[in-house]
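In the working numbering, the protein residues as written are 1070 to 1403.
If you are wondering where the hints come from, they were derived from the structure by calculation, not from laboratory data. Hints are not guaranteed to be accurate.
As the list claims (entries may be wrong) - Simulated restraints on C-beta separations: (1) 1197 x 1231: 49 to 59 Å; (2) 1305 x 1164: 34 to 44 Å; (3) 1225 x 1273: 50 to 60 Å; (4) 1199 x 1093: 31 to 41 Å; (5) 1196 x 1298: 27 to 37 Å; (6) 1255 x 1235: 20 to 30 Å; (7) 1129 x 1242: 23 to 33 Å; (8) 1127 x 1203: 29 to 39 Å.
For every residue, glycine included, the Cβ atom is placed at its ideal position computed from N, Cα and C.
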Amino acid sequence: MNPLNYLHLAHPDGDIDIRGSKIAVYYTFNPDTEQAFSFVFNFQDGRWKKVVEEPILRLREMYRGCNSVDLGRDPIYLQTAILNSVLRWWNNLLNSFNDQLIAYEEALIRQDLTNEDLVQINAETNQSLHCMAAHLHRYGSELHSLSDILEDIKFYNSCFHEKFVERRIREAGALGCITTTLGQVASYLSAIRTFRDELQQKINNVLALLVDNSKSMSDLLLVQNSNAMQAILQATQVEAEASRQIALQSQRLSEEMMKDSVAMKTAILSMPFFSYDPWLQSFHRIWIWFVFTVPTTLMCFQVYRTWSRRESRRKAIATHGLEMQLHSTTAGIV
1070 MNPLNYLHLA HPDGDIDIRG SKIAVYYTFN PDTEQAFSFV FNFQDGRWKK
1120 VVEEPILRLR EMYRGCNSVD LGRDPIYLQT AILNSVLRWW NNLLNSFNDQ
1170 LIAYEEALIR QDLTNEDLVQ INAETNQSLH CMAAHLHRYG SELHSLSDIL
1220 EDIKFYNSCF HEKFVERRIR EAGALGCITT TLGQVASYLS AIRTFRDELQ
1270 QKINNVLALL VDNSKSMSDL LLVQNSNAMQ AILQATQVEA EASRQIALQS
1320 QRLSEEMMKD SVAMKTAILS MPFFSYDPWL QSFHRIWIWF VFTVPTTLMC
1370 FQVYRTWSRR ESRRKAIATH GLEMQLHSTT AGIV
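All chains, please: the whole structure from these sequences, using the hints.
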């Protein structure tokens, strides 16, 4: 986030690093020998060979193409060459910056708000945009400083023109040409500063689009959570109803079993061999009680056992049906 550090851009055509570049110019003129010396110190990143060598190549082109030998010793003419290289560097930088903003804007417009990975993606995009905004503010300060330097050069050119002519560094009629060149450089710089202001507004627009997407995604998640909670409540109601039905069935089964038990006891006790007939009450005829009671009791218990198994199976089937209904309802929620 430090705007003094380099800025890494995930450019669509390949990653780009925007690194700070500085060029220092030292000019001296010896009035005795009428010789001028210019020293250009280039502090640009050595990995950008084409960009680093561009100022020197531009100086060579200008010196080879100039019509007057004196222009080669003119310090203002030298400054215009360096300024042209600097402005070209700024133009390339802002174009790369603009391409990155366009890529972010297109990605945000095409975003699928139902994608679960958008939270991480938008967080990284938000961090990158804020980093770019910090660097863009720094670029505004740098361009303002460059504009002040250009104004100083224009003032220096006007004030020291006569001394340049006196020292035979410049021809008397060269002032208009140099002034026109500086005016063109100033126009180019003004266009670049305007472009930077447009990029500042564009960053704000992209950030606003990112905020809108994040808000829409949050609203969508809120609706989905509400629907899920409603479905869970419905499933809970179904489960409660199923539990109630199971409890009712268990209660009915207990009541029926109690009734059957009482009925069996009544049936057994109402058999003829439980009467008070004198003939049946004789001790010698106790075998009649065993003959009729034991088989009859075994038969009743067998009937009761068969009926109990059938009722248990019916209860299990009913319970399984309710569980399957609850399971299908829960699966529908998920």
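Taking the hints in turn, this is what the structure says about them:
1. 1197 x 1231: 49 to 59 Å: The hinted range 49 to 59 Å holds for residue 1197 and residue 1231, with Cβ atoms some 53 Å apart.
2. 1305 x 1164: 34 to 44 Å: For residue 1164 against residue 1305, whose Cβ atoms are near 60 Å apart, the range 34 to 44 Å is violated.
3. 1225 x 1273: 50 to 60 Å: violated, 38 Å
4. 1199 x 1093: 31 to 41 Å: Given a distance of about 32 Å, which is inside 31 to 41 Å, the answer is holds.
5. 1196 x 1298: 27 to 37 Å: Hint holds: Cβ distance 33 Å, inside 27 to 37 Å.
6. 1255 x 1235: 20 to 30 Å: holds, 27 Å
7. 1129 x 1242: 23 to 33 Å: holds, 25 Å
8. 1127 x 1203: 29 to 39 Å: With a Cβ separation near 31 Å, residue 1127 and residue 1203 satisfy 29 to 39 Å, so the hint holds.
In summary, the numbered hints that this structure violates are 2 and 3.
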